Each structure stands twice: as structure tokens, then as C-alpha cells.
Amino acid sequence: MSEANSTMKQVTPDSAVQNSANGKYDAVIIGSGISGAITAKELTAKGLNVLMLEAAPAKDMSYKGFKSYLSNYYENASKDNNSPYPNNPNARMPRSTDVSKLKPGVADAKGYLVQNGPLALDSTYTRVTGGTTMHWEAKILRMLPDDFSIKTKYGVGLDWPINYDDLMPFYQMAEREIGVSADVEEQGFYGIKYEPGYVYPMHGLPPSYLDKIVAKGIDGAEFVLNGETHTVKVRPFPQGRNGIPNERYNNGQGFTPVGALSTYQVEQGGRCQGNNNCVPICPVQAKYDARKTLVAAAKTGRLDFLPQAVASKVVVNEHDNNIQHIEFKHYASTSSTEHTVHQVHGKIFVLATNAIENARLMLASKLPSSSGLVGKNLMDHTYLLAWGLLPEAAGTMRGTKCTSGIADFRHGEGRKSQAPFGVDIHNDGWGWATGSPFSDVESLVDAENKFGRALRQSVVNRISNQLLFAFMVEQTADESNCVTVDEAYLDALGNQRPVIHYQLSDYSKAGIAYSRHTSKVFFQRLGAKDFSSYSPLDYGHFQYEGEDYYFRGGNHFSGTHIMGTCAANSVVDENQKSWDHNNLYLVGSGSMPSIGTSNTTLTLAALCYKTSKHIIETLSQYSVGVVSDSDYKIAKGASHE
Amino acid sequence: MDNQTYLVQQFTELSGALTDFNAFALNGTGLVQCYYDTLTRLVGHAIVEELLSTFVSLYESASNHEQFNEALRKHILGDEKFGPVARNIIKLWYTGTWYQMAHFWRDAYGMSEEDMTFFVNSASYAEGLLWQAIDANPSGAKGPGYGSWSAPPNIHFDNGWQFKPFTHTSK
Chain Z
12 MSEANSTMKQ
22 VTPDSAVQNS
32 ANGKYDAVII
42 GSGISGAITA
52 KELTAKGLNV
62 LMLEAAPAKD
72 MSYKGFKSYL
82 SNYYENASKD
92 NNSPYPNNPN
102 ARMPRSTDVS
112 KLKPGVADAK
122 GYLVQNGPLA
132 LDSTYTRVTG
142 GTTMHWEAKI
152 LRMLPDDFSI
162 KTKYGVGLDW
172 PINYDDLMPF
182 YQMAEREIGV
192 SADVEEQGFY
202 GIKYEPGYVY
212 PMHGLPPSYL
222 DKIVAKGIDG
232 AEFVLNGETH
242 TVKVRPFPQG
252 RNGIPNERYN
262 NGQGFTPVGA
272 LSTYQVEQGG
282 RCQGNNNCVP
292 ICPVQAKYDA
302 RKTLVAAAKT
312 GRLDFLPQAV
322 ASKVVVNEHD
332 NNIQHIEFKH
342 YASTSSTEHT
352 VHQVHGKIFV
362 LATNAIENAR
372 LMLASKLPSS
382 SGLVGKNLMD
392 HTYLLAWGLL
402 PEAAGTMRGT
412 KCTSGIADFR
422 HGEGRKSQAP
432 FGVDIHNDGW
442 GWATGSPFSD
452 VESLVDAENK
462 FGRALRQSVV
472 NRISNQLLFA
482 FMVEQTADES
492 NCVTVDEAYL
502 DALGNQRPVI
512 HYQLSDYSKA
522 GIAYSRHTSK
532 VFFQRLGAKD
542 FSSYSPLDYG
552 HFQYEGEDYY
562 FRGGNHFSGT
572 HIMGTCAANS
582 VVDENQKSWD
592 HNNLYLVGSG
602 SMPSIGTSNT
612 TLTLAALCYK
622 TSKHIIETLS
632 QYSVGVVSDS
642 DYKIAKGASH
652 E
Chain S
2 MDNQTYLVQQ
12 FTELSGALTD
22 FNAFALNGTG
32 LVQCYYDTLT
42 RLVGHAIVEE
52 LLSTFVSLYE
62 SASNHEQFNE
72 ALRKHILGDE
82 KFGPVARNII
92 KLWYTGTWYQ
102 MAHFWRDAYG
112 MSEEDMTFFV
122 NSASYAEGLL
132 WQAIDANPSG
142 AKGPGYGSWS
152 APPNIHFDNG
162 WQFKPFTHTS
172 K
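Going line by line, the protein sequences match chains Z and S. Numbering follows the numbering used here, with no gaps: position 359 of the first sequence is 370. Numbering follows the numbering used here, with no gaps: position 41 of the second sequence is 42.
The following block holds chain S by itself, in its conformation from the complex:
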């Protein structure tokens, strides 16, 4: 596996842990590569790679999901540098929107001029995970069919992200 493929795979796993949608669901949006590219374009390769290697080491040292979540909160979401990036990854997946980073972060880490709030593209809006989470179609796209709204929503977690204790063969 080349390094680029590896990074994208780790990005997918980190995204899964943050959003609770598994790799199958994330790949199903067709946007993994696009979001990885957007992220690296806006916050830079160095920070993204640092974030992903932090994620990998947290993953490898945790023995269960609870422990992993605790470490994720403390060392990524609760980290001055990684926290805002991780939260942007969550919002990107749930809404298809890149949100402009906070001023202090921009000042500290030298953000790109492209860092504004925007929909990544017209597909990203329609693929927002929030719609899947609530079993609704994105407003204005993927119409589910006449009368479908009359039945109760089918809310489930079948495609949720699973923590699997690390084994050295998994790379």
C-alpha cells in the first residue's frame, strides 16, 4: 500500500470513529477522497498527517472502545491544534459543509485563504450523513417516493463504526 492510500484509509477510519459511520457507509458517499483532499488543501498536509498518526497510535494503544473514545476526546478533540480540525471533519461529513476555522486557529496555524464556509460541491450537500442518521432524504435531493413520509422512520445503527482491538496484521 502506498503512503497516500494508507493516509486515506486512516482518514476513513478516523472519520468513522468521529461520526459513527463505518468505512462501508463512508465510501458509499463517494466523497472520501474529495474530503481528504479538501482537508489537506485547507489545513495542510503536515497537520493532517500528524493528526492521522496521533489517531493511529491512540487506536493501537486502546484495548476497548470506551478507552479509545476517552483517548480520542483527550488527545484529539480536546487538543488545541487537532480539536478544531476533528470537529470540522465531523461537520464536513454530517453536512457536506466546510466551516471556516476559528480566528485563533487561523492565526496560530496559518490557514489557507480558501478557508471560508462553503459546500464542498453539490454532491456533498446531498451526501450529508445527518440525513442517513435520521432516515430522511437530503432536503431537495434523493426523493424517497410518493407517500413514503407517512410511515415511521427506520432509524438504526447497523452501519455504525466498530472499534476492533489492534492487531499488527491489520496494516
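Next up, chain Z with everything else stripped away, as it sits in the complex:
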């Protein structure tokens, strides 16, 4: 991992256009996040030639470039989840700091996402090389088997055309690529199963001291829901960050973690150091991000990477409805909107931007699909936060952002009437809810008038004792939640911006309200003082059965090009291939018809492995130069060296 491994062959727009006109590219991939990176790595490993367009610059592929993100973060007075990443008017990204309370009937266009309401959604994504995995937290859960058939089992949302068993082998591949730290014996619950003898690449991360205090207080708490008893147990999360390699992995071959990317020798990131900063940036790169996969793809010599190229239009052949080319706008500098317009051709095209941008691009290209579902069924995990002060110093603000949580409300018959949820115990205290720890210092000094020893002691009591539960509540598909485009809202390059229409159903609200109920029981058992409050002035405020709540977005945009069983009920098939356009794939969480209570990345990564396999099989029928299976080592596990 210490060799010079950040060399990415970058092409100029002119040579990309020339190459594509000469028929060089088997696949054109739009976006360098985890979906695009995995697809590129799989395809190039099979001998296929790939062109990848990335809307952002690619300076961060060097160690120096990465370090500039860190300096931005340290110096930025706001520490929101996109704070390390430079503002780029040519490929803007949403920031939670742009979100404010909406006035009924008035769209709010001050951020990149145009918020059409009725509720404002503060979710974000990151438009840089490596995509949102740059700022993701990297909790990396499999979905529960039940999550794939919620319509059939519970009468809510939509079913998948495939099930857990279909995804199992691909989950394994995704866990290898991301480098997951977890112990199988702690993760096999509520139907989650593994192939016999399977172990994760690395051992699970140790729980935080805070986790242990919380577990001591709430393990064994019982809740009765729809006649079923849910017994609480604090459990560790699988993590997409480097831990101690498991020597039993891959039939005893072990696992080599991928550390920091650099142009010169930097031994860093081979193991998590507990920087407590997974979001918005892991300073040592122990957390997986998609640049690691991109670099592996680039090493094949078959990936042409074109940064600063914003896909602007998908153009269809009238005679067979296939994609003829993709038009893109290339800019020379983020400080100028000057750009040139080009088009690229390939055998197949893969849109791997993200759920919002994939839909935005299709709609801006006037391709809403024959089902009319592009952009519809927008989902996200909705979070309720509940925060309190423990009676003792719990060492809060140490460790990764979150090491453990509660899975016992993710399953069961209760799902017929209210949304299920997972629970995170936040090692970073009240940060998400109140801006801790800085806000605590401000209030102790300016409002409580503390100084000297009394201040220092209060800082301990106010911060080290903090406990925040984040309840991640499932949202089911609803066509009225959607992303659209509008000529009235353009970005600096003249591309249409996403317009978000977002509301919470009573099913969601009932789940959120129940999660709040459980938090009260937890705080009581822990002897913690409950500080949660949900102001009607908050942009995420809503009332349910007379009580005030607010929600936060989960940055898990999904559902905007759902997969299904036919062109009438979905946008893509089980391989994420467009029903309408035979050479087009829309990949990522946009393909998910339901999201359960798992952070979406592992499942969307698994889907990309399934899609890559399908693409390779399809292209080999056209007898392009696909290498033989014996050379195809990636899926079998000899990558990473």
C-alpha cells in the first residue's frame, strides 16, 4: 500500500472525444463515487476499456491535495459535512447550512438543491472525486432479508425484484472492496445470514467506553409492539474503516488493508486511530473512500479519467432508443464558468452520479422513462435525535463517530403500522443536535458566566457526559416525494438544478414518535437528564398527535430510478439496466425500491457488483476483448496488492 499509488491517467477532453469516436470505449461511466469506481474496477479488470467523467477536479488524488481538504476543514468556522470540500460553482453540492425553514408554497433556491417542500430536506452529497464516500461515516450494514419484501410482508412500500439470497455473494465482494471491520458472530441477527465459514476482512472495532455505559443501563429493556416483545441489546456496527485484519479471511489467506493514497511514501491509514472525525473527513484515510477503488482501476491502464467534465445531456437514437452519446461540459477552472461542450460514445453507458444527479440528468435530457418514474419515489432515512446528560463522565468525543447501536426495532410485525428504525449511539455527543462541543463552551462562558476551575469542571460535566441517540427511521417509496428539474433554476454552466419535493407520511411520523418514546425509557434507565427539544422554528419541525418533533435527513438519497419486474412499474431491471434504453445503466441507491434500516452504501455497492457481472457477460456476447476467467481475479479476491 505504500507504493506510489495515486497515479491516475487523466485524459484531455479532446483525446477522450477522439478515442470515443474511434470506438475505444466499451463503457462510459459518469461519476467517480463508489458506484462508478467499483464498476470501473470490475470492467477494467476484465480487459474492458472505460472512460470515466467526473464533474469535479481531481487534485485530491495526491496526498497534498488530500491534505488541503484537511486544512480547509480545520480553518472552516462551519464544521458541516461538506466543509472540507471547496465550493465549485460549476458542479455545486448541497450543504446542510443552506437549509432553513420553508414558507408554505415558496420554493427556496438559495442552496444548490431547490427546496420545494412542504418539508425542507437537509441531506447532502459531495461532488468531488471519490464522491460522497469522502464524507460518509462508513457504518456499513447489510439489509435484513425482510427489507426486500415489505410490500408482501407488511403491506407498505415496494418489494424488490430480488432478495437477500441473490445479493449475498455480492455483499461479500462489497465487504472486501470497502474493507469491512466486524465480527460475524455479532452481526447475524433478525435473519441476516452468511455463507458457512464466512468472516469479515477485519475484526470488529472495539466499542467505546460510552457504548459500555449505555449497554449497562439499557440492555434487557423490553418493549411490546404489535404483540411482539423487542428486547434491547447494544451491538457493534460493521465499519468501513481499517481495523485488525482477520487471519481467517478468505480461507486463511488474510486481508491487507488499503491505507492512505499518496504520490510518495506515506504509511498511514492502515488502521483507525480514533480521530473522531469520520464525517466529514478521515484525516489518515483509514476510512474507505472510493478513490482507493479508482486507483486500483487506474492501475489496469484501461481507465481513462476525465475530471472537470459535467455530463449535461443523455442523447438517444430515435430508431432503437439506445443511447447514442452523452454530452458533457468541460471547464478549465472552478473560478470561471467558461467551458466547452463535447460528446462521447461507448458501447454502454453507466450513470453513477447518485440518486439525485442521475435523475436530474435523465430529466434534464427529457427522458422520464416509459413508467414515468424517473425522479419519483425519492427516499432518505429520516433521523430523530434525542440527547441527554449522563450522571458520569462517559468519555464522549472519543473513538469513531459511532461504534455501537441498537437493532432491535428494525424488524417485526410493528412494520405494518409504523416505520422501523435503527439506533446509533453517537460518540461525538450532541454535535449533530446542538453544535457541541463548541456550543457548550460558548454557553458556559457567555450565559453561565463560568471561568477558571468552575469552567473547566463544567466543560467536563457538560461534554464528557453527553449521550446522543440518533434514530434512523425507514422511509418507504411514495411517488409524491421526488426530484424534478425546472428551466428556471440553472447552475453556473447552465445545467438544470435538482428541485426537491419532500414530505413525511404518517407511517414515518409514527415510527419517529415511537423512537422518541424509546429514548425516554433509555434516559430513565440511565439516570440521564433529557435535554431533547424540538422547536417549531426548526426547519425540520412537524407535529404528530399533538407532540413536536423535528427530523434530519440521512444523506441516503435513494429510489429515484427504482428497479422492478417490468418497464411499467420501474425504471431499471434487477441488473440496473434501463428498461427503455438497452445500453444504459443507472446505478446506485436510486435503484433501490426500499431501503430498510441499513445505511445504503453496502447494498448499492453489492448491486454494482451484480451489475458489473451482467455488463461483462453482455459485452462478452459481442466478443469484445474480455479476458478469461482465470485472469479475472477481482471477484475471487486477489485484489488490493
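FYI, nobody ran anything at the bench for these hints, they're computed from the structure. A quick note: this is a predicted structure, and the numbers were derived from the prediction, not measured. Accuracy of the hints is not assured; some may be wrong.
Taking beta-carbon pairs under 8 Å as the criterion, some of the chain S residues facing chain Z (in silico) [said to hold, decoys possible]:
#1 140
#2 147
#3 158
Here are the simulated DSS-like pairs of lysine-lysine, each with C-alpha atoms no more than 30 Å apart in a straight line [to be verified]:
#4 Z:75 x Z:310
#5 Z:70 x S:143
#6 S:143 x Z:223
#7 S:143 x Z:90
#8 Z:624 x Z:35
#9 S:143 x Z:78
#10 Z:531 x Z:112
#11 Z:358 x Z:35
#12 Z:70 x Z:121
#13 Z:90 x Z:531
#14 Z:164 x Z:621
#15 S:165 x S:75
#16 S:143 x Z:75
#17 Z:244 x Z:427
#18 Z:310 x Z:78
Partner residues aside, some chain Z positions facing chain S, computed with beta carbon under 10 Å [claimed, not checked]:
#19 297
#20 410
#21 461
In this text, a Cβ means the ideal position worked out from N, Cα and C, and glycines have one as well.
With chain Z's structure known, arrange chain S on it following the hints.
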């Protein structure tokens, strides 16, 4: 000792009294001079020197820590002019952030145009005393090592600031 060195030393002592971190701990951040310069740049030399001489006279006339704290509260933290400055010094040390002064203060004492809320530099964020107080690393820097989060925090006051009754040799 030249006057500049003396002022910086008194600034360190005042900072110690306000934050409860001793000179050793404050010097260990490497930021004493930087914070002194930031303060004088933003609120002006005159006010800083006035503040420090007030501090010295309070210190010299107090016979124990309790008495000193009372005087500090009344004549510095509870003073119309010095209070906001002293509170900014505390927040600067605890968070590495300079906070913009309140409007009434700006109007009354003619603040610099640079007076905005900002991190003094990237080191100041990582050296915030709040992290030391709770035995945690600053989020995103100084990673303490794999698994360290599993043990209880080691919270102590060993490097707290001590009031020592004034003797005329201490200058």
C-alpha cells in the same frame, strides 16, 4: 525583561486564571504569542495593556484564590469594557476560535474590521483546551490510537492554574 515579554507573561497568567490551565500547559500549545498578537490586533494595544495592568493589581492585592476570583469576576469579567474581552480570551483558548465582539462593544471601543468569527489558524483548532479538559483528541487531529476509545477517559486537574500570593520578587 523587556516590556513586551512582560506583557506576554502577564497575558499567560491572566489566561491561566481564566481557563484553569497553567502556564506550562498554555505554553505547550505553542500559541501564546499568536493569541497575544491576535488579541492586540483585534482589540488594540491600549485596551490589552489596561486589562493586563488591572489583572496585575487585582492579583497583587488578593491574599487567596477565592478573594482573587471574586475580584476577577467583579473588575474584569463583570466590567463593561473588559468582560467581553476576557470572555473572548477564554473561548479563544478553549476552542481556538476568535468570536466577533458584540455590537455595543464594537460601537463603544471601535473594533478592527478584522473582528469576525474565525479560527486563528489550523493549529489553533487542534490546540483547543476543551479537548484537553475532557481527555479527548480534537475531532480530526491527534488521533490517540486504535481502541483507545474503549477505556474510560483520564480526567484530571494536574495542570490547573494555581493562585500564589504575590511577592515582590516574582517580577
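Results for each hint:
1. 140: 5 Å, holds
2. 147: 5 Å, holds
3. 158: Holds, because the Cβ-Cβ distance from residue 158 (chain S) to chain Z comes to roughly 7 Å (cut-off 8 Å).
4. Z:75 x Z:310: Roughly 20 Å separates the two Cα atoms, so the pair holds.
5. Z:70 x S:143: With Cα atoms ~25 Å apart, residue 70 (chain Z) and residue 143 (chain S) stay inside 30 Å; holds.
6. S:143 x Z:223: 24 Å, holds
7. S:143 x Z:90: Holds, at about 17 Å.
8. Z:624 x Z:35: 20 Å, holds
9. S:143 x Z:78: 14 Å, holds
10. Z:531 x Z:112: Distance of about 27 Å is within 30 Å: holds.
11. Z:358 x Z:35: 9 Å, holds
12. Z:70 x Z:121: This hinted pair holds, its Cα atoms lying about 28 Å apart.
13. Z:90 x Z:531: 29 Å, holds
14. Z:164 x Z:621: 25 Å, holds
15. S:165 x S:75: Satisfied, since the Cα-Cα distance of roughly 20 Å is no more than 30 Å.
16. S:143 x Z:75: 18 Å, holds
17. Z:244 x Z:427: Holds. Residue 244 (chain Z) to residue 427 (chain Z) sits at ~23 Å (cutoff 30 Å).
18. Z:310 x Z:78: Holds: residue 310 (chain Z) and residue 78 (chain Z) sit about 23 Å apart, inside 30 Å.
19. 297: 9 Å, holds
20. 410: Nearest chain S Cβ about 3 Å off; hint holds.
21. 461: 9 Å, holds
Checked against the numbered hints listed earlier, the structure breaks none of them; every hint is satisfied.
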